[in-house]
Structure formats: C-alpha cells, structure tokens
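Given next are the chains, with one letter for each unit.
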Amino acid sequence: MTSQYDIAVIGGGNAALCAAMTAAESGARVLILETAPKPYRGGNSRHTRNFRCMHSGSLGPLVDDYSEEEYFNDLLKVTAGKTNEPLARLAIRTSEECLPWMEAHGVRFQPSLSGTLSLARTNAFFMGGGKSLVNAYYRTAEGLGIDVIYEAHVTHLELDGDRIARVQYTHEGQDHRIEPKAVIVASGGFQADTDWLTRAWGEPAKNFLIRGTPYNRGVVLADLLDQGVSQVGDPTQCHAVAIDGRAPKFDGGIVTRLDCVPFSIVVNKHAERFYDEGEDVWPKRYAIWGRLVANQPDQVGYVIIDAKSLELFMPSVFPPLKADTLEDLAGQMGLPADRLRTTVEEFNAACGDTSAFHPTELDNVATHGIEPPKTNWARPITEPPFYGYSLRTGVTFTYLGLKVDENARCSTANGPIRNLWAAGETMAGSILGQGYLAGFGMTIGTVFGRIAGREASNYAA
Amino acid sequence: MPLDLIQEARRQAEVCNACRYCEGYCSVFPALHRERFFSDGDITQLANLCHNCRGCYYACQYTAPHEFDLNLPRALAEVRRESWEDHAWPAPVARLFHTNGTLIAAACVLGFALLFLAIRAIGSAGGEGFYAALSHNAMVAIFAPAFLFPLASLAVSLRRYWKTVGGESIHLSHLTAAFQMVAKMKDLAAGHGDGCNFEEEDRFSHARRYAHQLVMFGFLLCFAATSAGTVLHYIFDLHAPYGIFSLPKLLGIPGGLMLVCGTAWMAKLKLAADRHVGDQSAWGGEMGFILLLFLVATSGLVLPVLGGTDLMPILLALHLGAVLSFFLLTPFTKMAHGFYRLAALIRDAQAKGQAEST
Ligand SMILES: Cc1cc2nc3c(=O)[nH]c(=O)nc-3n(C[C@H](O)[C@H](O)[C@H](O)COP(=O)(O)OP(=O)(O)OC[C@H]3O[C@@H](n4cnc5c(N)ncnc54)[C@H](O)[C@@H]3O)c2cc1C
Ligand code: SF4
Ligand code: SF4
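Chains A and B, in that order, are what the protein sequence lines are. Going by our numbering, the first residue of the first sequence is number 1, and it counts up by one from there. Going by our numbering, the first residue of the second sequence is number 1001, and it counts up by one from there.
Only chain B is shown next, with the shape it has when bound in the complex:
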C-alpha cells in the first residue's frame, strides 16, 4: 500500500487523538483513543471502522483552509479503498474495478453478451418458463462457479486483512457484538441518533442509513429467495416458475422492490454529497456498483411480468448477465466493504474486550 495514504491518515489520527471532540460520533474514535502510536495495521483497521458519515468533518475546527487540513473521512476512505485493493485476491483485478464505473458497466455488458450467446447456442432442452430460454443445468453450470469464486476470493482477502490488523481467535461474544452493530447500523445514526451529514453539508439526516438498510435487507431477501428456490428445486423437486404465494416470490418481490428503491435513493444521495469528503477516485466505481445492483433488481422484477412476451430471452440475458457480473465482481467492488466492515467490527469488539480486561 502506498505509504503516503497511511501516513496522511496517521497524521490526522494524531491530531484527533490530541483533540477527542468527536469521540461520541462513531466506533472509530474510541478505537483511535485506545492507541497512542498507530501502526499501519491500526490505521487500516480504523479505516474499515469508518463509514464516511462525515460527522467528524463538518464538526472539525481544523478543516481547510486551516493549516492542519483535517479531512478524516476522506483520509480513511482512501486508506480503506487501498486496503480492499491490497488484500483482495487477485489484487490487480480489485485495482481495476474499485475506481472505475465504466469497467463495471463493461463487465455487465460482457455478462449480458455471454448469457445471450449461451441462450442462443445452448438454448433449452425443452424446459418451462425461463428454462425454455436457458436450461436449468446450463444456468447452474454458469452460476455455481460464479458464486463459489467470490466466496473463495473473499475468504483469502479476509484472512489477509485479519493478519494486517493483528486479529486473534474469535469468540461468540465478538460476533454478537459485531452483528448487533450491523443490524442497527448504529454508527450511521451517529452517537446522537440524528444520522449523518451526507446530503447538505452539516445537516443531519437518516436518509443514508435508511437507503443503506433498504439495500442491505433487500439484497438479503433476494438472496434468501434464490436460496429458497434452490431448496425447492433440489429437495422438493418443485421447479420454477413459482406462483406468487411461493416462498421465492414472497421473499424476492419485496426484496427486489427494496433493492430498487434503496439503490436509486443511494445514487441520489451520492450525487448530492460533497465529493471531496470521500474518496474521490472511487466515486465512479461506487456509482457503477450501485447502478449495477439497481439493474440486477429492476431486471429481476420486470422479468416475471414480461416473462410471457417475446422480450423474455433478452430480458433474461440482461438479468442473468447483471447477476453474473455482480457475483464475479463482489470481491472487487464496493460490495466487498460489507465483509471488511464486519471483520473490522469483530476486531473492534476484540480490542474493546482486551482494553477492558487489562
């Protein structure tokens, strides 16, 4: 990792450690105040605890034009992105996609083309519904590796991360503490519960927190819908298309709607926010990722509606292509942040426990 990004974040962390005014905002400051000297691993861990709510930027009496030039949210965002790129496996791929929305779009088009060709070339073995366009076995042949590869890649990345931040063996209490933070997105509410400063300078609002919750729970519901479909298919021998009151639909439709709204809202917020308080170089990559997720969700929702029309094969290719690129890019796009953040929260729960017991 370029030392200057870490070094700059360290310089700022040292100012904060002498100041401490922001201690109440989030998990970063209590963790920061536990240290006196910051190793590279400490800075990486702090960076992954920060979620760019910007509270500490607008509250800071030392932001430019002051010579101390504090902009902790940006300094941490840059270290964070670097850390994702460095810990990713294979790292060069991550370096391409984190900063580049156009490449994400290209990957998506490629996915679309691939699926389209697959539909034309392999076609169906006479299945029903979508399987009339692409057989179930062909879908599995394409998606099983596309699903397993990111898992393997993330596992490698997280192990590397764990080593960097000096993580130790994990107890159940660390996990429960971390998952509680995630479920409530506690940090996004800020210590006072008024939310973050994302849309209009120092105005506090919950918009980003709610948009993020929509995306996260929407995604989880869609994921659950797919899992339910898989179980129905293999264990109960019930095949798609499923009725409206089936488990995949009951989970998938609300999940899809949440994803559509959440990603659209998130994109709008990103357009309104001051770019210089985040990692400017990653803006395109993050926006590309949000739009990809939006495309996955919209195409998924439209598909059953237009499933009976001639548009179906094209739409199916679009949807599956988007899903494919989404899965494959998971370790190399903003999607990875969820995994790193969880790891950071677990590590934080550990460090807190150690501080209390010494």
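This is chain A alone, in the form it adopts within the complex:
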C-alpha cells in the first residue's frame, strides 16, 4: 500500500511541528501522528516557557547581545565538555533566525517573567508558555493542509536495508500501516516508561516523578534501536531536579519547582542533613538536587525553613506545611522529632555572623565546624512558625537517543538511512552528553525540526 502522504511525522511536540510546517511549506503532503489525545497534545513542549537564542543587538524580547561564543561556553560549562561541537554550534548559530520564523508561525513572545530577570538577555519567553506555542503551531499547520491524527500510537517503523519501508500505528483500536516516502521521528525520550527507567537507573527510579508528559515512553526509540539504528547518549542518565514531593506522578510541570533550598536545611527521612544547601545560587544547583534526593532512602528529602525566609523565594504551588514548633513540623512530615531537633540545634550552633546575609548573591554567610557545611545563606532556623516541604526527584528527560548528523539524518552501522530523520529530545543526546542549559531543548527542537523538515521534503519531492 502506498501512502497518500509524502512524509509521516511521529510525535506532536515542538520538534514535530517545526518539521511538519517546514516540509509542508515546500509542498510536501504531511501527516502528524500524535499519541496523545488533543487536550494533552504537544508532549513536553507544552510545559516549556522559553527558548535560548543567540543574537547581536536586540531581537524580539531579547536585549543586548548573546554571541555564539558566549552561548557555546555556557553550554560547555553545564555539560562539562561533553558536547558535540559542530552540532552544538549549528544549533546556536541557527537559533537567531528561528525567533522571527517562530513569530511568523504564530508564536508570540513576552518580556522575561517576573522572577527570571537573569534570563532576559539569553532566553525569549513565549507569551502564555509552551502550550500557547503548541496551539499556534497546530493552527498554522492546519492552515498549511497538514493532517493530524491524535491518539495514533506509532508502534513500529520497519527498517528495510537503508530505508524505512512502513510505519505502523494503532488508532481507535485498529492497526494501521502507511508507506510514506520519508519519516521524521520527533517522539521525545523514554522517561515516562517507569520500567525502562528502572532498568536504566535501578529500583529508586520507581519513586521518581515525571515532570512532563506521560506519553513519551520511548516506544519508537526502542523499536529503532532494536533494529540497529545508531544510538547516542548515556542510557543510564536522565536530567532530574528536586521538586515538591506532593507533585503528581506525571505532568506536574513548572509549578512543582521549589526554590527555597538555599534558605533552608534539607534532611532525609532520618532527619539528617546530607549536602551543602548553600553551595551556589539555585538555578545552578537545582539539577544536582534531583540526584541527591534520588540517593537518599525512599528517594525523599525534607526542606525546613523558618518564618524569616518565607518570602525570599518564588511562591510554591501548594502551601508549605506550617507549625509553631519543630516537633510539630516533624510530626506532620513523619520525621523523628528528637533527631530533627538535634540536627537543627547543631546547625544553628554552627551558624556565625549573619549580618552579611544577601538572598540573591553568594554571601559567604557560612557554617563552621559541621559536616556537611552550608557555605552561603547559613542563618539559624529559630523563628517560628516553621515551614516544611517534601522533595522528590522529578525527571525532565532522558539522554539516550538517536544519533544524527548535521542534516538530522539517522543511520545504522552501515551508513545513513535514506528516508529517516530525527529531531528534538529524541536526538538531543547527539549534542548534549550530560547537563542541561535552560532553553536549549526548544532550540534543538526548533533548529533540527526545521532541518529535518527541509531534508525530508527535498527527499520526497
């Protein structure tokens, strides 16, 4: 059976939509297969808020300059050098032309959100956030004649030598096979498949929360890797941050973030501290706390602050637990009360002069003589009421992915696959080996989505 479509795009997030629109604009007949139902379309992209964009001079909402070198160096810092330089530079360089392209396809930007001033120069914020971006793209796609099937679960791409011969998906309980000329995979990582995550990370992964969509289960990724398509990225690694322990298992998104750690002490379920809470400003440290919490018993941590710190961080989605005594708070959190009192007293005794306390800068207000130390913002926990949050590990994405070249094309050990391209999170491991730079996920998806769309439509023409 030949397909009425030139190109099938697997996935319905940012990368998929950028690819589909680009291909349709050069005349290809495009079908989007999105596994989620319409209200949940758009994968992790619906949770995003900005994309990181190189620019010289002001561009859209962005001020000043952000050069290729500076951008690349920022990336090197967070990935500790594990970066594919040519592909990273390609993404960075192309990001500048993406912003006007995005506007032309319906995305609207807004000034940097309150509380995120540090990103005003580097990251362009979507007005209304990622879901409004996704909505705008679906509208534009519809105008371009792109067909979208929701709840279309792609199960298998049949690799026949050096080409994909067939796409299989289920929809409304029926199996379907189509034979488009070209295929673009943009179906994200596998973090929503807890079994896979547990195989990769170990038992603790069962207690992890997934910050984004429950639909990125890596079905197509696994299918392709099983057929010998080249992979990249550490299969045991994921990007994880510490989030509010009361967040839902999936899709809690941005609001479950907690910014109070630097002003707190964090203990495990035995009411013992385990890491320097004041090591650095929170945006630079929140990713390591995902791992730190993952390594504690039951994969849970407890943040404790007192009244004087309550207003120093962004409001939380759920109100904190509140108590007039530490014992009461321990009771509410299920912590051993005596031990918590001792931990707090030891910590308080180790605090010194706090007159230089400065909530938004590294202030060197540190503890002395305890392990682990707190090296900044160390003020004693003394002033009731006391407040507490539980912390859990929230997974953002996985690193294992499809290896692509600068044309976003996939390959096997025998060489390139003629009609298969990949974009977005599912190939981000080709660029980022570890770490993550805020806003770079959308940059990768937009840049490589457009490249994949262009290449696939050239091939199909």
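For the record, the hints were derived by calculation from the structure and aren't laboratory data. Everything hinted at is true.
Below, in silico cross-link-like pairs of lysine-lysine (DSSO-like), each with a Cα-Cα straight-line distance of 27 Å or less: (1) K82(A) to K403(A); (2) K38(A) to K1270(B); (3) K308(A) to K1352(B).
Incomplete in silico selection of chain B near chain A, CB under 10 Å: (4) E1014; (5) C1019; (6) E1035.
The calculated label-pair distances, taken between Cβ atoms and stated as ranges, are: (7) R1011(B) to L76(A): 39 to 47 Å; (8) N364(A) to V1156(B): 56 to 64 Å; (9) W101(A) to E1200(B): 23 to 31 Å; (10) E1356(B) to F274(A): 36 to 44 Å; (11) A1183(B) to F274(A): 57 to 65 Å.
Fair warning: this is a prediction, and the values are worked out from it, not measured in the lab. C-beta atoms are modelled at their ideal positions from N, C-alpha and C, and glycine is treated no differently.
For this one, chain A is given, so just place chain B with the ligands on it according to the hints.
Frame of chain A, contents of chain B with the ligands only:
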C-alpha cells in the same frame, strides 16, 4: 459571598503564582504576582480586573482533564458576578437579574406596559411629535427618578467595593491610568495585540474588542444625544422633534447604529464562545441584557422613521419602556461591570504605584 467560589479562585491563583506563564496577557497576572497570599478582597479585585478574554485558559497546560483543573477565566467570572451581587444595593435585586435573562425580558415588558398605560391614561397636553403621545413633563416625572436611582445605587455599591478591595484615596494619576486602559480596551487586545480567544477555541481575534467598543461608544453617543436634548430643551428652549442636523440627531443616529451593530455582534460572539470558560450561570442574564440594549437601540432608531404613522404610540411605549427597564436594571445587570471594572483599574493603578514606591 459563598466562600467556596473565592476559595476555588484562590486555589487557582496560587497555581498561577507558581507558574507565571500568562504574565503578559492582561492586568490580572501582574497584580496577582504582586501578592503572595490572597485575601478575599485581593481575589475580588483580581476578578474585576479580568474581562474573560480566555487567553489564559487556552494557553494553560493545567486545564482539565489535568488534575489541577485550571479554568481561571471561569473561576474569576464566578467571583466577579458574586461580587456584583454582594456589593449591589439592594443586593437581593441583583441576585435576581444577573443570572436571569427571562426576568430581564419580563422587566422590559413591564416597562412597556407601564409606559403604554401612561400614554393611555395621562396622554398628552397637546404637545408636538412624541410629546403628542406623552407629555414632556410626564416623561420627566417617570425618567428623572429612573435615572437618579441607579446612580445612587451604584454609588453605594462602589463604596462597598472600594472597602472590600482596600482602596485608598484616589489621585488624578490613578484616574488617567485607568481611563487610558478603558479607552483603548488595552486588555482586550491581550499583551501581544492579537485580541482574545472568544469565538473558536485558541484562535485570536479582535472581534470581541471591536464589538465591545461599538457598544460602549454607541452607548456614550446615545447618552450624549439625550443630554444634548435636555440642554436644548431647558436652556435654549428648543423642543423635540429635532431636525436631522441637530446635535441630538447627529450624536444619536450614529450612536444608535453603533449600539445596534455592537450588541448584535456581541450576541453572535456569545453564542459561538465555549460556555464553560465563563460563568455559565450568568449566561442567560448577560444575553438578556445584550438583547435589552439591542431593543433600546433599534426602537430608538425606528421611532423617528415611523414617528408619523399610527404605530408611533406603541413604538414610543416600547422604546421608553425598554429605556426605563435598562436604566432601572443598570446596577443589577451586566451594565454594572463597567463601573466595577473602572474601579478595579483605578485600584490597580494605585497598587502598582505602591509597589513601585516601596
Ligand atoms: C516542566 C518542563 C519545563 C521545560 N521547560 C523548558 C523551557 O522552558 N525551555 C526549553 O528549551 N526546554 C524546556 N523543557 C525541555 C523541553 O520540554 C524539551 O526539550 C522539548 O519540549 C522537546 O521537544 P520535542 O518535540 O522533542 O518533544 P515533546 O514535546 O516531548 O514531543 C514528543 C511528542 O511525541 C509524542 N509521542 C511519543 N511517543 C509517541 C508514539 N509512540 N507515537 C506517536 N507519538 C508519540 C508525544 O505525545 C509528544 O507529542 C522543559 C521540560 C519540562 C518537563
Ligand atoms: S493560567 Fe495556567 S499557564 Fe497561565 S499562569 Fe495560570 S497556571 Fe500558568
Ligand atoms: S481571561 Fe483574559 S483577562 Fe482574564 S485572567 Fe485570563 S488572560 Fe487575563
């Protein structure tokens, strides 16, 4: 006010305050992000800053079926209507009309009947034109109280509102800031200037903004026409009917046309919009109010055309009856929103000023 509506809006506001993605859409979010804990007054003020453009609903990643179940436009619309009912004087009347289009229609019929009887019973003292049907003095006797009562009622309501939201003494700068927002209906354009999401899910359009402008300026022109007529009557001793190039006609005809088109357009938009993103219980009351305004405008325009025919007294009764019920219901129908919104914008200008100076 039932605490659960406020409580539900507060729950949602707390989600938004942790998210902030919608900050650029309207005045609600910057005001929301200035607070950390929301008193009942804060929520009431936020509700009156919202004009149900729905941008934040379609953009929200937490709408149902998500368990956070965000629907801020509806939550605020419900608090808003409750706040109008609670602050109104007398409140029980407001509770009747805000949600009930049929009652508005009934009031209108009653107004019609009243005027019709007045025409039959009092009739004219031999005046010209419309005054041949109902004397000028009789009209004034009916309409002066009908005009003054709503003003008094609104004054009481707004004072109550001001107290609820913790308003302080008003400076000129607050007023200019607020009136600028109104004149441009800036919020209805959304932060990006593409309009609101009213007709077809997440599609942006200016239709609602333009329809609303037509209604508002149409109404103001008609009001100015009536005022001009009053001045001509009492100060210059020039009596109706006025010629086509007179001030009342020059203001009234375009104003009436704008009102007719604006209300018809608004009704059409209301039919197309997703009802669950607004205050569903108020839908009938709002629609009734729009149709009442439509009736006021159409009957007012037709009147001079058919003024010379036998239909005149009936039409006159219809028009004056509609105007009468419109005036009397002003504090208890959607018409009140204009006054509350203005108050909310003034309060917002104040709060912004305070935030900047601290
Ligand atoms: C809470 C949160 C906030 C974030 N904020 C930002 C930010 O501000 N800036 C930034 O750059 N990045 C951010 N990220 C990362 C960003 O979300 C991703 O990098 C980006 O969205 C990836 O886009 P994508 O199109 O590759 O994948 P997705 O948007 O996840 O799309 C994958 C799509 O594939 C579909 N799919 C999956 N399996 C199948 C299948 N078998 N068949 C059919 N369809 C399938 C899914 O339903 C989905 O539509 C954030 C992530 C999270 C979780
Ligand atoms: S409406 Fe939704 S997307 Fe907008 S600020 Fe609130 S929670 Fe965030
Ligand atoms: S509906 Fe419109 S005006 Fe109301 S809060 Fe949402 S974006 Fe603001």
